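Engineer: Same order as they appear, the protein sequences are chains A and B.
Numbering of the first sequence is given in this note's numbering, commencing with residue 1 and proceeding in unit increments.
Numbering of the second sequence is given in this note's numbering, commencing with residue 1 and proceeding in unit increments.
Think of the hints as simulated: they come from the structure by calculation, not from any bench.
Heads up, a few of these hints could be off.
[Claimed, not checked] SDA-like, lysine to any residue: derived pairs with alpha carbons at most 20 Å apart: (1) K104/A with L111/B; (2) K116/A with Q128/B; (3) K127/B with A99/A; (4) K104/A with L264/B; (5) K104/A with D53/B; (6) K104/A with T113/B; (7) K116/A with L108/B; (8) K104/A with P37/B; (9) K104/A with N105/B; (10) K116/A with V116/B; (11) K104/A with C148/B; (12) K104/A with H159/B; (13) K104/A with S112/B; (14) K127/B with Y103/A; (15) K127/B with Y107/A; (16) K104/A with E107/B; (17) K164/B with K223/A; (18) K116/A with T276/B; (19) K104/A with R249/B; (20) K164/B with E108/A; (21) K127/B with K116/A; (22) K104/A with P166/B; (23) K104/A with N236/B; (24) K104/A with N149/B; (25) K104/A with P187/B; (26) K223/A with H159/B; (27) K127/B with N100/A; (28) K104/A with K164/B; (29) K104/A with G114/B; (30) K104/A with L226/B.
[Unchecked claim] With the C-beta cut set under 8 Å, the calculated list includes, among others, these residues of chain B facing chain A: (31) A110; (32) R118; (33) N123; (34) S256; (35) K257; (36) T260.
[Said to hold, decoys possible] Some chain B residues near chain A, calculated using beta-carbon distances under 8 Å: (37) N105; (38) H109; (39) R115; (40) T121.
This one's a predicted model, so the numbers in the text were calculated from it and none came from an experiment.
Here a beta-carbon is modelled for each residue, glycine too, at the ideal position from N, C-alpha and C.
One letter stands for each residue in the lines below.
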Amino acid sequence: MSRGSSAGFDRHITIFSPEGRLYQVEYAFKAINQGGLTSVAIRGKDCVVAVTQKKVPDKLLDAMTVTHLYKITENIGCVMTGMTADSRSQVQRARYEAANWMYKYGYEIPVDMLCKRMADISQVYTQNAEMRPLGCCMIFVGLDEELGPQLYKCDPAGYFCGFKATAAGVKQTEATSYLEKKVKKKLDWTYEQTIETAISCLATVLSIDFKPSELEVGIITTKGSGFKILSENEIDVHLVALSERE
Amino acid sequence: MATLIVNQPPVGGFSFDHCKRNAYLLGEANKVGSSLPTARKTGTTICGIVFKDGVILGADTRATEGMVVADKNCSKIHHISPNIYCCGAGTAADTEMTTQIISSNLELHALSTGRVPRVATANRMLKQMLFRYQGHIGAALVLGGVDCNGPHLYSIYPHGSTDKLPYVTMGSGSLAAMAVFEDRYKPDMEEEDAKRLVRDAIAAGIFNDLGSGSNIDLCVITKGNLDYIRPHEEANKKGVRTGDYKYKRGTTGVLSKVVTPLNLEVVEESVLTMDTS
């Protein structure tokens, strides 16, 4: 049985290779690591926390304008890992989808439906030859009216899933194994425990002693008023509590 | 590519191509002295009420075609989803088809989200469709149901405006029914009291409005339970004749009886086939 031979285009556009792989989609996953950042998100008993690095490479850059945490609706936020321009485009599309859902159906879009929608759009890019997949990974954190705190991730292949804890970016595998050990021990974290576990995960995996200006933390709790991005002072409080514990 | 909603005609709005022809035909019919058949309207009294545990929808069952009753027992409470029902007043075909389209789209939505559909979603879908047709779809609806946020009741007008209220009435008998509601509605009523109130409101419409009549249908929706009572009350049962114009055997006395058999012969037999082409 002779193997089918490709015309050599399977690496250039999203068509199947003879082994049944989509090279463009695999390259998209590699592109996520180009940014050099890692993000971690954990779901607690009554809250969800997303933490990501904040790297400001140039002294002339205005640090206030550099962010990877975005608010999609009042009760849904996301942390983007990967190519910044692709991330912004996806966030804009997610905001449109959420607003359109509210208009058409009269209630706020649930986190899993938004993630499913973004994943379906990403899947189209893996079939259309005219458009490349986007090189970014979206992690959604949100509060569902009926089901409580939710954590979802969707990737360039169009795959999405709900998580108890997840990571994305350069040190994804190390962060995931660290989280697995923690989740095995305990599943219903309080708000403080969730944030501290997320920050310590990043700190351990990247071997960096974080300053408040090097971290971005986004949270949503059942008590609070929607998705919130913590200020440097609030992050400092948690860092201090973390160092005291150790 | 699969779409999330059932196929609707892709062209927006109505086609007004036949308006000139219809006007001409109407003129021709009037010249002869007759008139074109009218669309069947439901006349109608429909109403809804929010009580302690949920919503109750009520409707009469008369469908009129001009001045004639077309259907003495038509069903005006339409199923949208297992927890949401909708009463329809106005043109019968419009209410029937509109509720069926939205019911179908809502089921697709519920399967996609994996959640029980919300009354607010049905309301949005109905009002956006009716507004798109600028009132040409003559459907005035009372939409009620119970979802994760509690019981909800909406009234939807043919042009697409909606009201979210604790009690609503629609149709030609709406004033009679609303008079009963305004007099006796209280928030958080018990189920039996609420059913009686709705029954009285529909009965007011049936007996005081010519466009409404026959029986009273009720639909009681509570969290996790549905009671579709059809008919709740047969307010206008057809009467039983009290007398008979036939004379019984023996009224006239028989004096004598003579029987004469007539023997007839067949003279000629011919078969004519019917033209069935």
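Engineer: Is it true that the CA of K116/A sits at most 20 Å from the CA of Q128/B?
Structural biologist: Violated, at roughly 25 Å.
Engineer: Quick one, are K104/A and P166/B close enough, alpha carbons at most 20 Å?
Structural biologist: Roughly 24 Å between the alpha carbons, so the hint for K104/A and P166/B is violated.
Engineer: Has the given pair, K104/A with C148/B, been kept, meaning a C-alpha gap of at most 20 Å?
Structural biologist: Roughly 19 Å separates the two Cα atoms, so the pair holds.
Engineer: Does the alpha-carbon distance linking K104/A and E107/B stay inside the 20 Å limit?
Structural biologist: holds, 15 Å
Engineer: For the pair supplied as a hint, K164/B and E108/A, is the alpha-carbon distance within the 20 Å limit?
Structural biologist: Answer holds: K164/B to E108/A is near 18 Å, not above 20 Å.
Engineer: Below or equal to 20 Å on CA atoms is what counts here, so check K116/A against T276/B.
Structural biologist: At roughly 61 Å apart (the allowed maximum being 20 Å), T276/B and K116/A break the hint.
Engineer: Hey, K104/A versus P37/B, does the alpha-carbon distance stay inside 20 Å?
Structural biologist: violated, 38 Å
Engineer: For the pair we were handed, K164/B and K223/A, check the Cα-Cα distance against 20 Å.
Structural biologist: The given pair, whose Cα atoms are some 29 Å apart, is violated under the 20 Å limit.
Engineer: Interface hint check: N123/B, Cβ to nearest Cβ on chain A, cutoff 8 Å. Holds or violated?
Structural biologist: Holds: closest Cβ of chain A sits about 6 Å from N123/B, inside 8 Å.
Engineer: Does the CB of T260/B sit less than 8 Å away from some CB of chain A?
Structural biologist: Violated, because the Cβ-Cβ distance from T260/B to chain A comes to roughly 85 Å (cut-off 8 Å).
Engineer: Starting from K104/A, check that the Cα of R249/B is at most 20 Å away, please.
Structural biologist: violated, 73 Å
Engineer: Hint check: K104/A vs L226/B, CA-CA at most 20 Å. Holds or violated?
Structural biologist: Violated. K104/A to L226/B sits at ~27 Å, over the 20 Å cutoff.
The structure shown violates the earlier hints numbered 2, 4, 5, 8, 17, 18, 19, 21, 22, 23, 25, 26, 30, 31, 34, 35, 36, 37.
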